[in-house]
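S.K.: Take a look at the letters that make up each chain.
Number of protein chains: 2
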Amino acid sequence: MRVGELAKRSGVPVPTIKYYLREGLLPAGVLTSPNQAHYDDEHLRRLRLVRALVDVGGLSIASVREVLAAIDTRDESLHNKLGAVQEAISQPSPVELDPLAIKDVQDFFARHGQTECVDVTESNVTHMLAAALSSARSVGHDSIKELLDPYLEGLKIIARADLDYVAQHRSPDDVIEAMVVGTLIGDTVLKAVRRLAHAQVSAEVLGDVPAPGRAD
Amino acid sequence: MRVGELAKRSGVPVPTIKYYLREGLLPAGVLTSPNQAHYDDEHLRRLRLVRALVDVGGLSIASVREVLAAIDTRDESLHNKLGAVQEAISQPSPVELDPLAIKDVQDFFARHGQTECVDVTESNVTHMLAAALSSARSVGHDSIKELLDPYLEGLKIIARADLDYVAQHRSPDDVIEAMVVGTLIGDTVLKAVRRLAHAQVSAEVLGDVPAPGRAD
DNA sequence: CCTGAATGGATAGCGGCACTCTCTACTATC
DNA sequence: GATAGTAGAGAGTGCCGCTATCCATTCAGG
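Sequence order for the protein chains is S and V.
Residue 130 in my numbering sits at position 130 of the first sequence, with consecutive numbering throughout.
Residue 97 in my numbering sits at position 97 of the second sequence, with consecutive numbering throughout.
I should point out that these hints are in silico values taken from the structure, not numbers from a laboratory.
Careful: at least some of the hints might be erroneous.
Since the list can't tell identical chains apart, any single copy or any two copies may satisfy a pair.
What the hints assert, rightly or not - Okay, derived cross-link-like pairs now, EDC-like style, lysine to aspartate or glutamate, Cα gap no bigger than 20 Å in a straight line:
no., residue 1, residue 2
1, K8, E96
2, K156, D55
3, K18, D75
4, K8, D98
5, K103, D142
6, K8, D41
7, K145, D174
8, K145, D55
9, K145, D164
10, K156, D187
11, K103, E146
12, K156, E5
13, K156, E146
14, K145, E66
15, K156, E204
16, K145, D98
17, K8, D149
18, K18, D142
19, K145, D41
20, K18, D107
21, K18, E146
Being a predicted model, the structure only gives us computed values, none of them experimental.
Assemble the whole structure, with the sequences as input and the hints as a guide.
M.R.: Written out as structure tokens, the structure is:
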């Protein structure tokens, strides 16, 4: 197919597709003449993935490029690849880290037998966690660290489901893509369902009546 | 204190503080003369909250304004206020909704006894969920909907912890703020911990050795 | 009381990002 | 041969979150 049809089938405007091509988010089509190229279903699939990462995952174009690079790398173990993708989809926030928050993260790791991680800034993921706790501290909510353990408890169930989902896929490429999609879209799903759970819980506890003094 | 000290104590540059004042994210200080105003700890607290929402929550200035407005509204029930905050911190994505994904969301609600919600686009939260599932469908991962139930399972534990955390706070204002901080910073914490859980699980299953054929 | 730094208030400018427009030279199609 | 579409590339756009500049005023130190 040519770019026009790719645009029609994906819902992405032609100029945007050209932009993605320039930015390296989409491999070039096969040139049949100096100004004619041919795109296949793989391009369509990739284009939809890019849109999913941008629209739902909220990734920047640069991050998408990193993620795709990690997906496309062929000479690494699956585990390393997953790690690279994790890093790419977890951009650090510009918050400066509070040493006490770093301590909280280290304690958390220690509590769960992970004694390796000494330098929190080493990984985007741990940096993200430390940044979140730092921010919480700065607004006087340092006790939010008490949530870490129950969160882990709930996340064990969730991570198991994620794993089962990813395990459905056969080829390593599909596994990686499932991981990316599952993680990023999963984040959004989690966010939404958590809010629904909050709403339900708050309705139960607070009800429509303003009676906060009830013993539960 | 004056703006210079506010800047020093918060780490936010003076011009940025002025910008926030203009944008209504920060109430004006008490004028003691035509060009002298006095700011108190409440301003500092609010300023830190704004930074937390922007840096960790990733909210736009406009969303922050909405959240603060919801926090500051005085004439609504706590439950309504929480709902307003939820909406404000859940911006809809520009994805167009797949009817099948909408059906998935409705089925999910039906499975859990929530029969009220007919129109998914009514709330930003349900819209977010439907958008995420739509995107998943578009990249060929429609079976991600199977994750909804296990996610809810894990999130029940998490939401309970959230509720306990919020319940520690006395005044309604503190409850609202705890809800905002707990939800937004909690999102980031959840994201990070989930990634750590993934990494751990993938290390266990895949190990450093490329032996995918092991029976678990 | 004088001087230099800081302040409130307002307007304009900047840098980054994700496109979007425009143009040229060409080609497929009717 | 007219028309529509295409590759490729550079410039332009719109928004967002600041940042710079300016002015009249005022505070703080000597």
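S.K.: Each of the hints needs a verdict: does it hold here or not?
M.R.: Status of the hints after comparison with the structure:
| no. | hint | in the structure |
| --- | --- | --- |
| 1 | K8 to E96 | between (45 Å within a copy, 15 Å between copies) |
| 2 | K156 to D55 | neither (27 Å within a copy, 27 Å between copies) |
| 3 | K18 to D75 | neither (29 Å within a copy, 52 Å between copies) |
| 4 | K8 to D98 | between (49 Å within a copy, 16 Å between copies) |
| 5 | K103 to D142 | within (12 Å within a copy, 41 Å between copies) |
| 6 | K8 to D41 | within (13 Å within a copy, 55 Å between copies) |
| 7 | K145 to D174 | between (36 Å within a copy, 18 Å between copies) |
| 8 | K145 to D55 | between (31 Å within a copy, 18 Å between copies) |
| 9 | K145 to D164 | between (29 Å within a copy, 13 Å between copies) |
| 10 | K156 to D187 | both (15 Å within a copy, 16 Å between copies) |
| 11 | K103 to E146 | within (13 Å within a copy, 37 Å between copies) |
| 12 | K156 to E5 | neither (44 Å within a copy, 45 Å between copies) |
| 13 | K156 to E146 | both (17 Å within a copy, 17 Å between copies) |
| 14 | K145 to E66 | neither (31 Å within a copy, 27 Å between copies) |
| 15 | K156 to E204 | between (26 Å within a copy, 13 Å between copies) |
| 16 | K145 to D98 | within (13 Å within a copy, 38 Å between copies) |
| 17 | K8 to D149 | neither (48 Å within a copy, 35 Å between copies) |
| 18 | K18 to D142 | neither (47 Å within a copy, 28 Å between copies) |
| 19 | K145 to D41 | neither (47 Å within a copy, 24 Å between copies) |
| 20 | K18 to D107 | neither (49 Å within a copy, 39 Å between copies) |
| 21 | K18 to E146 | neither (48 Å within a copy, 35 Å between copies) |
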